[in-house]
Amino acid sequence: DTAVSQTPKYLVTQMGNDKSIKCEQNLGHDTMYWYKQDSKKFLKIMFSYNNKELIINETVPNRFSPKSPDKAHLNLHINSLELGDSAVYFCASSPNSGSRTDTQYFGPGTRLTVL
Amino acid sequence: AQSVTQLGSHVSVSEGALVLLRCNYSSSVPPYLFWYVQYPNQGLQLLLKYTSAATLVKGINGFEAEFKKSETSFHLTKPSAHMSDAAEYFCAVRGSGSARQLTFGSGTQLTVLP
Numbered sequence: 001d002t003a004v005s006q007t008p009k010y011l012v013t014q015m016g017n018d019k020s021i022k023c024e025q026n027l028g029h030d031t032m033y034w035y036k037q038d039s040k041k042f043l044k045i046m047f048s049y050n051n052k053e054l055i056i057n058e059t060v061p062n063r064f065s066p067k068s069p070d071k072a073h074l075n076l077h078i079n080s081l082e083l084g085d086s087a088v089y090f091c092a093s094s095p096n097s098g099s100r101t102d103t104q105y106f107g108p109g110t111r112l113t114v115l
Numbered sequence: 116a117q118s119v120t121q122l123g124s125h126v127s128v129s130e131g132a133l134v135l136l137r138c139n140y141s142s143s144v145p146p147y148l149f150w151y152v153q154y155p156n157q158g159l160q161l162l163l164k165y166t167s168a169a170t171l172v173k174g175i176n177g178f179e180a181e182f183k184k185s186e187t188s189f190h191l192t193k194p195s196a197h198m199s200d201a202a203e204y205f206c207a208v209r210g211s212g213s214a215r216q217l218t219f220g221s222g223t224q225l226t227v228l229p
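First to last, the sequence lines map onto chains Y and W.
All residue numbers for the first sequence refer to our numbering, where the first residue is 1 and numbers rise by one.
All residue numbers for the second sequence refer to our numbering, where the first residue is 116 and numbers rise by one.
Hints were generated in silico from the structure; no laboratory data involved.
Take these hints with a grain of salt, some might be off.
[Claimed, not checked] The calculated label-pair distances, taken between Cβ atoms and stated as ranges, are: (1) W:155 with Y:100: 28 to 36 angstroms; (2) Y:3 with W:168: 21 to 29 angstroms; (3) W:224 with Y:57: 43 to 51 angstroms; (4) Y:84 with W:157: 41 to 49 angstroms; (5) Y:113 with W:120: 44 to 52 angstroms; (6) Y:60 with W:224: 32 to 40 angstroms; (7) W:129 with Y:63: 17 to 25 angstroms; (8) W:118 with Y:15: 41 to 49 angstroms.
[Said to hold, decoys possible] Computed list of lysine-lysine pairs in DSSO-like fashion (alpha-carbon distance at most 27 angstroms, straight line): (9) W:183 with Y:44; (10) Y:67 with W:184; (11) Y:9 with Y:67; (12) Y:52 with Y:19; (13) Y:71 with W:183.
[Said to hold, decoys possible] The following residues of chain Y were derived to be distant from chain W, with all beta-carbon distances above 10 angstroms: (14) 15; (15) 48; (16) 77; (17) 82; (18) 101; (19) 104.
Bear in mind the structure is a predicted one, so any value in this text is a computation, not a measurement.
Glycine included, every Cβ here is placed at the ideal spot set by N, Cα and C.
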């Protein structure tokens with residue numbers, strides 16, 4: 001049983017297109033995150049939702065829009081894709097954003113390539 | 116604000132040798148620190164975490180880390196490297212704000228030589 005799953009695993013698309021990445025967790029966690037890992041492996045938080053409510057929105061272009069239909073799902077929609085959006089996007093979840101000791105569980109990542 | 120610095124983007128050790136991966140933190144509040152491992156083309160997996168219960172933390176796969184407040188360090192060690200330890204290792208600190216996101220270091224690529 002996969003705890004945190006993402007689809008698709010690979011995504012290759014042209015500049016200017018709109019695409020979505022889906023994330024689902026079956027751990028019963030309240031909090032979900034999106035991280036971006038660039039070509040130098042640097043990981044940076046993008047968004048976080050707690051019980052479907054947006055609680056982190058880092059300095060991310062507004063072409064990126066997260067959506068949480070329920071607390072088990074957090075999707076990422078990207079409009080007007082640019083070359084610089086090429087990266088690996090990781091979804092993660094944790095039991096409760098209010099606890100600093102909670103472990104975050106990561107999905108396998110989605111490798112986005114913009115041509 | 117919290118941050119972590121990982122010294123050495125690449126570390127090579129021989130199989131059976133000691134592994135030492137360095138992490139220093141900066142935090143305005145007592146830090147909660149984590150080490151994650153990323154195997155090629157996979158997501159991140161928690162190795163261990165420091166939550167102030169004990170300064171020496173034991174994790175999975177024989178790894179451990181010691182929290183040293185005086186040195187603001189949380190270095191990761193393993194007495195004897197195995198080929199399967201080759202991976203990217205990330206140190207991270209948990210934020211103090213309401214959102215509690217992780218701030219990651221730049222990662223250390225560990226190579227294990229036969």
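Cβ distance range 28 to 36 angstroms for residue 155 of chain W and residue 100 of chain Y, holds or violated:
holds, 30 angstroms
Residue 118 of chain W paired with residue 15 of chain Y, Cβ distance criterion 41 to 49 angstroms:
Distance hint for residue 118 of chain W, residue 15 of chain Y is violated at roughly 33 angstroms.
Residue 84 of chain Y versus residue 157 of chain W beta-carbon gap, inside 41 to 49 angstroms or not:
Roughly 24 angstroms apart at Cβ, these two residues miss the hinted range, so it is violated.
Hey, residue 9 of chain Y versus residue 67 of chain Y, does the alpha-carbon distance stay inside 27 angstroms?
holds, 19 angstroms
Straight-line Cα separation of residue 71 of chain Y and residue 183 of chain W no greater than 27 angstroms?
violated, 37 angstroms
Would you assess whether residue 48 of chain Y, listed as outside the interface, keeps its beta-carbon beyond 10 angstroms of every beta-carbon in chain W?
violated, 6 angstroms
So does residue 60 of chain Y sit 32 to 40 angstroms from residue 224 of chain W, Cβ to Cβ?
violated, 27 angstroms
Take a quick look at whether residue 67 of chain Y and residue 184 of chain W sit within 27 angstroms of each other, Cα to Cα.
violated, 40 angstroms
Hint check for residue 120 of chain W and residue 113 of chain Y - Cβ pair distance inside 44 to 52 angstroms:
violated, 30 angstroms
Interface exclusion of residue 15 of chain Y relative to chain W, criterion Cβ beyond 10 angstroms
Holds, because the least Cβ-Cβ distance between residue 15 of chain Y and chain W comes to about 25 angstroms, which exceeds 10 angstroms.
Can you tell me whether the CB distance of residue 129 of chain W to residue 63 of chain Y sits inside 17 to 25 angstroms?
Check failed, 47 angstroms falls outside 17 to 25 angstroms.
Is the hinted pair residue 183 of chain W and residue 44 of chain Y satisfied, with a Cα-Cα distance of at most 27 angstroms?
holds, 26 angstroms
Checked against the numbered hints given earlier, the structure breaks hints 3, 4, 5, 6, 7, 8, 10, 13, 15, 18, 19 and satisfies all the rest.
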